[in-house]
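Read top to bottom, the protein sequences are chains A and B.
First residue of the first sequence: 943, per my numbering; consecutive thereafter.
First residue of the second sequence: 943, per my numbering; consecutive thereafter.
It should be emphasised that the hints constitute simulated quantities derived from the structure, not laboratory data.
Fair warning: there could be bad hints in the mix.
No copy is singled out in the list; a pair is fine if it fits within one copy or between any two copies.
In silico lysine to aspartate or glutamate, DMTMM-like type, Cα no more than 25 Å apart, as pairs [what the hints assert, rightly or not]: (1) LYS1274 with GLU1028; (2) LYS1245 with ASP1264; (3) LYS989 with ASP1250; (4) LYS1172 with ASP1264; (5) LYS1172 with GLU1202; (6) LYS1164 with GLU1202; (7) LYS1230 with GLU1218; (8) LYS1245 with GLU1080; (9) LYS1130 with ASP967; (10) LYS1055 with ASP1187; (11) LYS1090 with ASP1053; (12) LYS1123 with ASP1250; (13) LYS1231 with ASP1264; (14) LYS1265 with ASP1135; (15) LYS1265 with ASP1221; (16) LYS989 with GLU1202; (17) LYS1164 with ASP1128; (18) LYS1265 with GLU1218; (19) LYS1112 with ASP1135; (20) LYS1112 with GLU985; (21) LYS1126 with GLU968; (22) LYS1091 with GLU1202; (23) LYS1090 with GLU1202.
Protein chains: 2
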Amino acid sequence: MQVRSLSIAIGLAFGTIGACAWAADEPIQPITPAKQINLGMVELGKKLYFDPRLSKSGFISCNSCHNLSMGGTDNIKTSIGHNWQEGPINAPTVLNSSLNLAQFWDGRAADLKAQAGGPIANPGEMAFSHTLAIGMLESIPAYQAEFKKVFGKDKIDIDQVTAAIAEFEKTLVTPNSRFDKWLKGDKKALTADELAGYKLFKDSGCVACHNGPAVGGNSFQKMGVVAPYKASSPAEGRVAVTGKDADRFNFKVPTLRNVEMTYPYFHDGAANTLAEAVDVMGRLQLGKKFTDAENAKIVAFLKALTGDQPNFTLPVLPASTDKTPRPQPFAKK
Amino acid sequence: MQVRSLSIAIGLAFGTIGACAWAADEPIQPITPAKQINLGMVELGKKLYFDPRLSKSGFISCNSCHNLSMGGTDNIKTSIGHNWQEGPINAPTVLNSSLNLAQFWDGRAADLKAQAGGPIANPGEMAFSHTLAIGMLESIPAYQAEFKKVFGKDKIDIDQVTAAIAEFEKTLVTPNSRFDKWLKGDKKALTADELAGYKLFKDSGCVACHNGPAVGGNSFQKMGVVAPYKASSPAEGRVAVTGKDADRFNFKVPTLRNVEMTYPYFHDGAANTLAEAVDVMGRLQLGKKFTDAENAKIVAFLKALTGDQPNFTLPVLPASTDKTPRPQPFAKK
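For reference, chain A alone in the conformation it holds in the complex (with noise of 0.2 Å):
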């Protein structure tokens, strides 16, 4: 204990490389803020991620799905598609999404670029394509002229849009959660019952699926391992991607981070409450039962890893001009 004090002791006077001294002991690390950002990029990607003219109605952006003012998710069990169709699966959350080894649940894009076209084109999501994408933003002079200034090229094409769309979503981590502050040395930052319940989540295994900067993300793992999980989805994981049935049922772990604001819970959304999610991820995954007063401890560690929000200014997006395809909300086919 004198060593630990002493090592946050380096930490207060030497900054960073105290704090990792420290965070090296936890199998969770700090979040730390975006580097080596083009910044032109993020603006450009930004306006292209709240910009609703990338679907066929009009109607439904990136945030639609991932809303910055709600945890990077939609808050509710499956999302909302063009013509009200109900998603088969629940939103993941945005935010420090840049530290998922692969995005979606079944990971079957390599990288956010990779992720970024893949709602555009979806039929059940914002049913348009990546050719009428391109066609919208080619008719607005000031979008022409602002890809030009981030690429340098004179055609818009696909690859540059999610590109952008990927740089601004490498911005939204969430950094100075009252956790982060603790792994760094400010050792009032959690309650007696958060560390309590920190360490009931290191010492149930918890830990071994959640670990990293993003408390998972970085991982593939069997939902139900100890006990089956009865699914209100049919989705049936990276079997999907591989076509190997030992991935039947495989999920890419969901970082914790932010976990207060991301309900509800699971590649289902079946979980509305953290406490319900606590309790089916011990019986299921460690068979272990949680008493209420374990479960709560638990929850109060998650509360706990909500960091700063995204904070920036909402874009202002270029208006179409007479040449701009107009939206087809309503059109049959």
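Dock chain B against the given chain A, drawing on the hints supplied.
Chain B only, in chain A's frame:
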């Protein structure tokens, strides 16, 4: 002209006094920033404006159809409501709506506060109820605390909700358009074509209805004065409020501020472009067929009416709690 130049000099020296002297010659006055605003109420109202939990689905907020990234409109012909219902009328811009003589196209709400409760409880829009909205807000301690801080009462009620939204909306004015700079004495703020368009706008009679700081919004007028307008919407306008047959097809004259961003046009959203809108207005309201050159000049003038767009940080909404009723986007009833 020397007298006018003198008044400009005085305007530059003495600020608004001189500017008013200049603008007094014109039927349109500059937009002024909002005054006497309750900042605490504005911040609360901003959250409510962006909170989709005021809808049954948890998906539709005020900002969905009055999108502050897109001129305070949704830029679609008629809006999308709960369960993808097609709205009966084009969503008017919320920008500068505090200057309107009444709210909605038919003026059925006296002011912004009276308007704000409408969409929440409209089965074709947000499909919620005031009681359910209050229940949602009361279940969230952070909202409870903010309402108490702003209104000093222990219970949240719908009057507080609509007052806060209205207070936020009062801040959504758009000063500093190039036309306003010209009005205030900056002769270089407009091009020769834009000035010629403004002269046509006045000389042709457009200004009879589109005048004042909002360039409209201050009277009800018949849609189709010289020749009938064949609307694609069943809306009958002001008669629905007054019951007087003389008010059939009387609609509130829309503001032309930021009109480049608030397409499509008219109460039924039938005109996709400004050129089309100017042509229809000329023929049906004034009995005048503008030449292509005249039309282009008027359009050029109209595009000079775009002012400073809302500039604020995207609000972060307080998370729901275990007690918060969950949204019902796909409920059968």
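The hints, checked one at a time:
1. For a Cα distance limit of 25 Å, the shortest separation of LYS1274 from GLU1028 qualifies both inside one copy, at 18 Å, and across copies, at 13 Å.
2. In the homo-oligomer, the alpha carbons of LYS1245 and ASP1264 lie at most 25 Å apart only across protomers (13 Å), although the nearest pairing inside one protomer, at 49 Å, exceeds that limit.
3. In the homo-oligomer, the alpha carbons of LYS989 and ASP1250 lie at most 25 Å apart both inside one protomer (21 Å) and across protomers (17 Å), since each shortest distance falls under that limit.
4. When the C-alpha separation of LYS1172 and ASP1264 is checked against a cutoff of 25 Å, the pair qualifies only between copies, where the shortest distance is 22 Å, while the shortest distance within a copy is 52 Å.
5. Taking the shortest alpha-carbon separations for LYS1172 and GLU1202, only the intra-copy value of 24 Å comes in at or below 25 Å, while the best inter-copy value is 52 Å.
6. In the homo-oligomer, the alpha carbons of LYS1164 and GLU1202 lie at most 25 Å apart inside one protomer (23 Å), although the nearest pairing across protomers, at 53 Å, exceeds that limit.
7. Taking the shortest alpha-carbon separations for LYS1230 and GLU1218, only the intra-copy value of 14 Å comes in at or below 25 Å, while the best inter-copy value is 68 Å.
8. In the homo-oligomer, the alpha carbons of LYS1245 and GLU1080 lie at most 25 Å apart only across protomers (20 Å), although the nearest pairing inside one protomer, at 44 Å, exceeds that limit.
9. Proximity of LYS1130 to ASP967 under the C-alpha cut-off of 25 Å is restricted to the intra-copy arrangement: shortest distance 18 Å within a copy versus 65 Å between copies.
10. In this assembly of identical chains, LYS1055 and ASP1187 lie within 25 Å of each other by CA distance neither inside one copy nor across copies; the values are 28 Å within and 58 Å between.
11. For the homomeric pair LYS1090 and ASP1053, the shortest alpha-carbon distance inside one copy (24 Å) is at most 25 Å, but the shortest distance between copies (44 Å) is not.
12. For the identical chains of this complex, LYS1123 and ASP1250 are intra-copy neighbours only, at 12 Å inside a copy versus 39 Å across copies, given an alpha-carbon limit of 25 Å.
13. For the identical chains of this complex, LYS1231 and ASP1264 are inter-copy neighbours only, at 20 Å across copies versus 62 Å inside a copy, given an alpha-carbon limit of 25 Å.
14. For a Cα distance limit of 25 Å, the shortest separation of LYS1265 from ASP1135 across copies, 22 Å, qualifies, whereas the shortest one inside one copy, 60 Å, does not.
15. For a Cα distance limit of 25 Å, the shortest separation of LYS1265 from ASP1221 across copies, 18 Å, qualifies, whereas the shortest one inside one copy, 55 Å, does not.
16. For the identical chains of this complex, LYS989 and GLU1202 are inter-copy neighbours only, at 18 Å across copies versus 27 Å inside a copy, given an alpha-carbon limit of 25 Å.
17. Neither within a single protomer nor between protomers do LYS1164 and ASP1128 lie at most 25 Å apart by alpha-carbon distance, with minima of 36 Å and 68 Å respectively.
18. In the homo-oligomer, the alpha carbons of LYS1265 and GLU1218 lie at most 25 Å apart only across protomers (13 Å), although the nearest pairing inside one protomer, at 52 Å, exceeds that limit.
19. When the C-alpha separation of LYS1112 and ASP1135 is checked against a cutoff of 25 Å, the pair qualifies neither within a copy, at 33 Å, nor between copies, at 45 Å.
20. Proximity of LYS1112 and GLU985 under a CA criterion of 25 Å is satisfied intra-copy only: 12 Å inside one chain copy versus 28 Å between copies.
21. In this assembly of identical chains, LYS1126 and GLU968 lie within 25 Å of each other by CA distance solely inside one copy; the values are 11 Å within and 63 Å between copies.
22. Taking the shortest alpha-carbon separations for LYS1091 and GLU1202, only the inter-copy value of 24 Å comes in at or below 25 Å, while the best intra-copy value is 39 Å.
23. For the homomeric pair LYS1090 and GLU1202, the shortest alpha-carbon distance between copies (23 Å) is at most 25 Å, but the shortest distance inside one copy (40 Å) is not.
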